[in-house]
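Visitor: For the sequence shown, full-length UniProt numbering assigns the number 1 to the initial residue and increments by one for each residue that follows.
By construction, these hints were calculated from the structure, which means they are not laboratory data.
Quick caveat: nothing in here was measured; it's all calculated off a predicted structure.
We put the beta carbon where it would ideally sit given N, CA and C, even for glycine.
Where hints are given, some of them may not hold.
Across the chosen pairs, the derived CB separations fall in these ranges [unchecked claim]:
#1 Y84 <-> K149: 39 to 49 Å
#2 K148 <-> L75: 54 to 64 Å
#3 L268 <-> F124: 18 to 28 Å
#4 G169 <-> K149: 49 to 59 Å
#5 S73 <-> H120: 46 to 56 Å
#6 I77 <-> F124: 47 to 57 Å
#7 Y168 <-> T233: 18 to 28 Å
#8 V243 <-> Y168: 40 to 50 Å
#9 E70 <-> T276: 19 to 29 Å
#10 V105 <-> S172: 47 to 57 Å
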Amino acid sequence: MSTFRGANYNNNNNNNNNGNLNGGSSNFQRLGNQGNTKKSPLDKIQAVLNDENFRKNYLQKFENFTDRIESYSDLPIFELLKPYTPLIARLLIVATFYEDSIRIVSQWKDQVFYLWNYRHIPYFLVLLFLSLISVTMIISSSMLILRKKIVYATSALIITVVLQAFVYGLVSGFTFVLRNISVIGGLLIALGDSIVTSKGTFGLLPELHNKTSDMKNFILLTGRILIVVMFVTFSITKNWITVILTIFGTLLISIGYKTKFASILLLLILFFYNITINNYWFYKKGKRDFLKYEFYQNLSIMGGLLLTVNTGAGKHSLDEKKKIY
């Protein structure tokens, strides 16, 4: 940002000075216009998408294809399920928390033994931690499903994710950390969805509604980016077709372009691999517990993607900017 300094003019050169000032004001105006035309990254991407040649050759064909895929969601069978989509998505999101709390209770002795003897946490604190964590996950998950005090419920669940990662010493596991980040992303999308559906409450208070809308869009943007983080490592060990589709879907969700199509794509990919790879029901204790944990974490991420299909990308997305152009 440039700083302009004033100058002293001689009284004998008023005419010249007026001309200079007029010219200066034009310069200032041009500079101001240049500053006002500064585009955000999303605007630059939108400009490329609006290019006539690009639209004719590639974009229009792609949009026709994605519109055809998205139109399948309007089939009668899916229309019947649409009113229940948010509930199903929230159930999936909290699935890992229910499973985690049940596992803590059913394996109480093993959990206490590990934290006390291997993590060297005082016995009393171990008991207190496990009790609080398990109760918090059950209560907060139920509140999220029932749409009661969702801000407190999602905050409590995010805190349990972070606390368990540190207490169990799992923060050094790159894949584990990314997976948990995606779970947090799903929770943020659930929070954003609750703000979307309750926005009518602020109809008589425009300023409060605008602030709430801005907060909603920021939460949806953050959740949208976080939920695809897990796919960074997910696609590495898969075949090249899955890698391409996963990276493609991840990029689309990140920039908020064809979000519904991209969410459906990643949802189907994750569903397929979750059933075929994390099929814990075929294994005995040991590997079974590990696969079961991953299975339910993937369910939570799938719930976030499903909720993205229902909620949309929010204001900070190319989908929303397309409505403006």
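Visitor: Could you run down the list of hints and mark each one as holding or not?
Guide: Each hint tested on the structure:
no., hint, in the structure
1, Y84 <-> K149: 39 to 49 Å, "violated, 22 Å"
2, K148 <-> L75: 54 to 64 Å, "violated, 33 Å"
3, L268 <-> F124: 18 to 28 Å, "violated, 47 Å"
4, G169 <-> K149: 49 to 59 Å, "violated, 31 Å"
5, S73 <-> H120: 46 to 56 Å, "holds, 52 Å"
6, I77 <-> F124: 47 to 57 Å, "holds, 54 Å"
7, Y168 <-> T233: 18 to 28 Å, "holds, 19 Å"
8, V243 <-> Y168: 40 to 50 Å, "violated, 30 Å"
9, E70 <-> T276: 19 to 29 Å, "holds, 26 Å"
10, V105 <-> S172: 47 to 57 Å, "violated, 27 Å"
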